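Chemist: As a plain string of letters, each chain reads:
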Amino acid sequence: MQSTQLSSLTAIRLVAGRELRVHLRNKAMIISTLVMVVLIVGGLFAANFFGNQEQSIEYGVTSSTEEVGQATQSVLESQGITVDVTTYSDEAQGRTAVSDGEISALITGSGSDITAVVNESVDSDLNTALASVIQQTKISELAQSAGVSPDDINSVYSLTEVPFESLDPPAEIDGSQILVGFIVGFLLYLGIFGGGMSVAQGVVEEKSSRVVEVLLASVRPWQLLTGKVIGIGLVSLLQVGIYVGAGVAAATAFGLTEDITLDLNAIGAWVLVWFLLGYIIYALVFAALGALVSRQEDLGSVIPIPMFIVIAAYIIGVSVAPSDPDSPVVTIASYIPFTSPIVMPIRSAYGVASTVEVFAALAAAVITIPILLWISSKIYSNAVRRSGARIKLKDALKAA
Amino acid sequence: MRLDIDNLTKNYGDLKALDNLTFSVDSGEIFGFVGSNGAGKSTTMRIALGVLDATAGEVRWDGRPIDFASRQRIGYMPEERGLYPKMKVGDQLTYLAKLHGLSSKAAETAMEEWTERLGIAERRKDLVQSLSLGNQQRVQLAAALVHDPDVLILDEPFSGLDPVAVDVMSNVLIDKARSGAPVIFSSHQLDLVERLCTRIGIIRAGSMVAVGTADELRARGGDRWALTFTQATPNAPWLAGWEGIDVLETSDKSITFLVTQPGAQHSLLAAATAIGDVEFFGRARIPLADLFRDAVTTAPKES
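Protein chains in written order, with my numbering: chain P, -14 to 385; chain G, -18 to 284.
Calculated directly from the structure, the hints in this document are not laboratory data.
All values reported here derive from a predicted model rather than from experimental measurement.
A hint or two may mislead.
[Stated by the list, open to error] Heads up, incomplete: computed chain G residues facing chain P, CB under 8 Å, no partners named: (1) Leu30; (2) Leu33; (3) Gln53; (4) Ile55; (5) Arg62; (6) Gly63; (7) Pro66; (8) Met68; (9) Lys79; (10) Leu80; (11) His81; (12) Gly82; (13) Lys106; (14) Val149.
[Said to hold, decoys possible] Here are some chain P residues pointing at chain G (derived, C-beta under 10 Å): (15) Arg3; (16) Asn11; (17) Ser125; (18) Ser203.
C-beta: ideal position from N, C-alpha, C; glycine also.
For reference, chain G alone in the conformation it holds in the complex (with noise of 0.2 Å):
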């Protein structure tokens, strides 16, 4: 089963939203959604669900457009939480997973499930608006999880979160993909989504600017290495220029750069203990942030 983006297009006004948005997500997989605030993630998410409308292209599930009726099978976590704030914690549960199909006793024990397994049991009698952030956010999650969803599309669901709630969150979404549904999240939060996800999809101004898996997105930077002396050493032989290798950062301690000619990095590590005291020399792993702030501002915008 697979959940399947096709060129979708929101315009509002001369303004455009989505661009031609292209991606999918298999069965099994977390897809971590990264983005500068309103570059379209929560648009995405919000016409998967029937939310909005597209101006064109379409979300195939299993091939198929999507539809009500296959959107009732999707656990939904909407950016802004949506709650009612005067109902108690169960009786919305259980009320939300009957509006999904399950009987009044499947629905019970559904939430009696999600409940305690977020750590929220003790407060199904309360109203939702006596809860901290946190627990509300937890309730929100058990919102898209009552029904046992064959896809979970979350909007953020991380933000606000509490370490040992993250980690409750990350459980489940891991489990939720293991069962074989398609997991889609977005997430400020890059070293989560790095932790996490299987396959990471960078957005910029409504349109996709790299998907891979982040070893795939870290190959998009180029063959990155690193050398540091122990001490400084001011005339480090990369002051030069040198054939097949691209400065990306020096200091007088260290060099981070760019290997355009396979073996040119051999000739630098030749230069270098040859004045001083190398103390590492190997491929520089890059920030997921870094690759994520080279992608959405260099990138040229397609349209």
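Next comes chain P alone, as it looks inside the complex (with noise of 0.2 Å):
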């Protein structure tokens, strides 16, 4: 039997091996994410379902409210809805129609004397036109006896939004933005979040199960520690990897991408780029603190900062970006390497935040990375090889 000095990336193979393993085996692990993409597929599809329901109407007209019926299906027609209309030389054949309901209502009378003969009560919709049409119908009447011309009156009803001149131009954001840059930061949030707890689990499972004393007698602290970080974060990359492939595969199955200005794909790679910096930035975070303490249950005395980060992060791009995404707080956090990584694939996603501003965050983020790698590793290996009580941060980072 032969046995050599392991070389570094040999022992970082090992260990983030031995965890892609352990995590893609993890039944739990893979019942959530085929949870999580059937969320997706499936909320996508409601969205879909529920927001491209093609509302529709039926009526008829006798020979005297042709007119009013012209009038009313282009109301209808202008505010989306489809009309069918039929006109019925016989009232009683139109009251027949009602009645089997293959229409739900018969306009009938004649000038502004209009009367909607309906099964139980007139749809809101055609209603709410039949009425404008009427009282516009009404008021023409008026006007005319008083000598103003019908056109004059017609064309004061055409104004119906102010002119207005923006000193400060808000962005614009259309309700698909805000369902792309929603479902991006949650992604994002779940992924790092998801995959930063992993870590710091990891690593107090191997500091209170004592494994790391057999395993420090052959690898270095900064090999586990590597090895960790990369076999969860490629577990992770795979999940977060799945959703957004879900993602914008239900999105273009379901045409919802046809009306929309974004390029998903685009989108959905700028995730992954940003889940892998968000990632690597808390699970350095996640690994060293989660080194200061001996049990499962001391985890949660150590992870709170970060773990607020990690929310308010969320809620900036989620809840502020939304109605404002100009507004200090947003543009600050999309810069910041600890929150960058949500926000600012919301803003991108929101199309507020320039080529140049995304790559100045990107690269802090990355810039950061070495920072916190040396801080984390000095800490995790001063750390993790005592146990009991919980350490003091101080004392991990003075002990050499």
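Take each chain as given, in its own frame, and dock them per the hints.
Modeler: Here you go:
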């Protein structure tokens, strides 16, 4: 039996390989990933179903109400409602059609004296449209009798928006951007926080089971740390990749991409890039903090601060940004390496971050990683071998 | 090949966990490490493994300070057992073997060999946490052996084992020593230590108070003799003072004593035969437990 000293690369590969195997075989993780995929696909399906559901209305007119019927049709169609109008020369025939349910209403009467014959009650959209048409007709009649031209009246009616001059024009975000931004923020939050927690729990598991003492006889602390972060990172990347893939594929399949200007593939790719950066940053923080305690129960005493920051980033991204994407809080958060991985991609989805801004935030995050790696491996190396009571961060940094 | 523990000192603040501890274990020796709880046995072993750093002193292997590379050749069983609870026995052992530099194939073979030998071959596919404590201990020993180490350092390998497992473990240690590896283990089971070990070290408050073979340690206890009558003899001759004899223990029937002047025991025997029927007269074997107790309670603390 030949055994030689491991190269660092081999040691890291072995440690990462173990993490991969353990996590990929973890039934709870596989199930939660599948559930998440179902939620994403199902959510998009529901959004598509309810968002694109076509409203339509069928009604009949008599020969004397044809004009009113047409005016009502154009009002309804301007609201995106499909209208099907049938003209009945015989009113009785039209009434039968209503009671048979072929049409929802029959417009009878003449001039501005109109009655809608319905089975039970009038459809609210039809009611509003019809009422406005009758109003307009009546006002036109009144105006005409007062000597005002109906066209003038109509032009007054056509004024619906006040002309304005904006000194600080707001970013224009449409509904689909808000939805995409929300999903991006949620996936990143889930991936970064979930991955970080896995790392912290893995570190504590090794400490609490004391297996770390056996491991450290053959691998160095930094190799163990790096291998663990890489292994769990690959698993989490795969997970987030599956979510993004499922989301983009489902959105495309349901035709949700047709009327949005966003490039979902590009957004998906950016999510993965930001996920990796955010994950590495938080994994290093969580690993160092996890090494300070010896029991899973004590993890709660060391992680609240980074946990609070991730949650804050998420909240800024999905609740402040949609209403005020240019707010200074959002802008600042999109540059700080601890919050940028969640906030910047949301700003990108909203189209309020320029390429220069994105790359500046990326650079800041990338520069942070080696610094964090240095601090984290120092804390981890010092703390991981010491079991028992919680170790003070100060002591872990000091001991060399 | 020889493992030297040279003047190890470990301070935790004001507490001296180890105080200039020195001993060495030669190739092929089984060294029994005994001492009260908290005397420093585990600390010594953990320093040798690099899990702890010494405040002063060093551990040498083959004359050279032990380093990361030479530590890979140690088989270690920590006091607090260390295994991944949610990993299969076989996977775990193969993983640990690979971490010690074995190829995948060699690691697999070694895992199969040791699980077979330690009687846990049936449990290879089971999670460690589903095994009984005794079997977990066997897995732990397999973990220490799976990379065919050149040195064995085992912290209380026998605690919690049934007699069969104790025999299996003992044989493994003996074989390993025969193949030339220095073997160090700590234990509170002194009979076992006496039976297995070529040499014994007694540690007290971080210092070695006695090192040697069982016989050498006994010699430290003086020339101990015992005399027994067939029946109670209340007015036995030892009640009077005898020159050259230190009485240790007496009863109506027997006496245990130390001979401080060679030959003095024969005068006592003569006096005894004159008053009664002597059933036994000869050298008394001192139980290691007594030696141990003496060593850890009466030896002055050096500092």
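Chemist: So, for every hint listed, does it hold in this structure?
Modeler: Here's how the hints hold up against the structure:
1. Leu30: 5 Å, holds
2. Leu33: At 7 Å from the nearest chain P Cβ, leucine 33(G) passes the 8 Å test, so the hint holds.
3. Gln53: Since the shortest Cβ distance to chain P is 5 Å, the answer is holds.
4. Ile55: 6 Å, holds
5. Arg62: With a minimum Cβ separation of about 7 Å from chain P (threshold 8 Å), the hint on arginine 62(G) holds.
6. Gly63: 4 Å, holds
7. Pro66: With Cβ-Cβ at 6 Å, under 8 Å, it holds.
8. Met68: At 7 Å from the nearest chain P Cβ, methionine 68(G) passes the 8 Å test, so the hint holds.
9. Lys79: 6 Å, holds
10. Leu80: 4 Å, holds
11. His81: This hint holds: histidine 81(G) lies near chain P, its Cβ roughly 5 Å from the closest one there, short of 8 Å.
12. Gly82: 4 Å, holds
13. Lys106: 13 Å, violated
14. Val149: Violated: closest Cβ of chain P sits about 20 Å from valine 149(G), beyond 8 Å.
15. Arg3: 6 Å, holds
16. Asn11: This interface hint holds because 9 Å falls under the 10 Å limit.
17. Ser125: 80 Å, violated
18. Ser203: 4 Å, holds
Taken one by one, the earlier hints fail for this structure at numbers 13, 14, 17, listed in ascending order.
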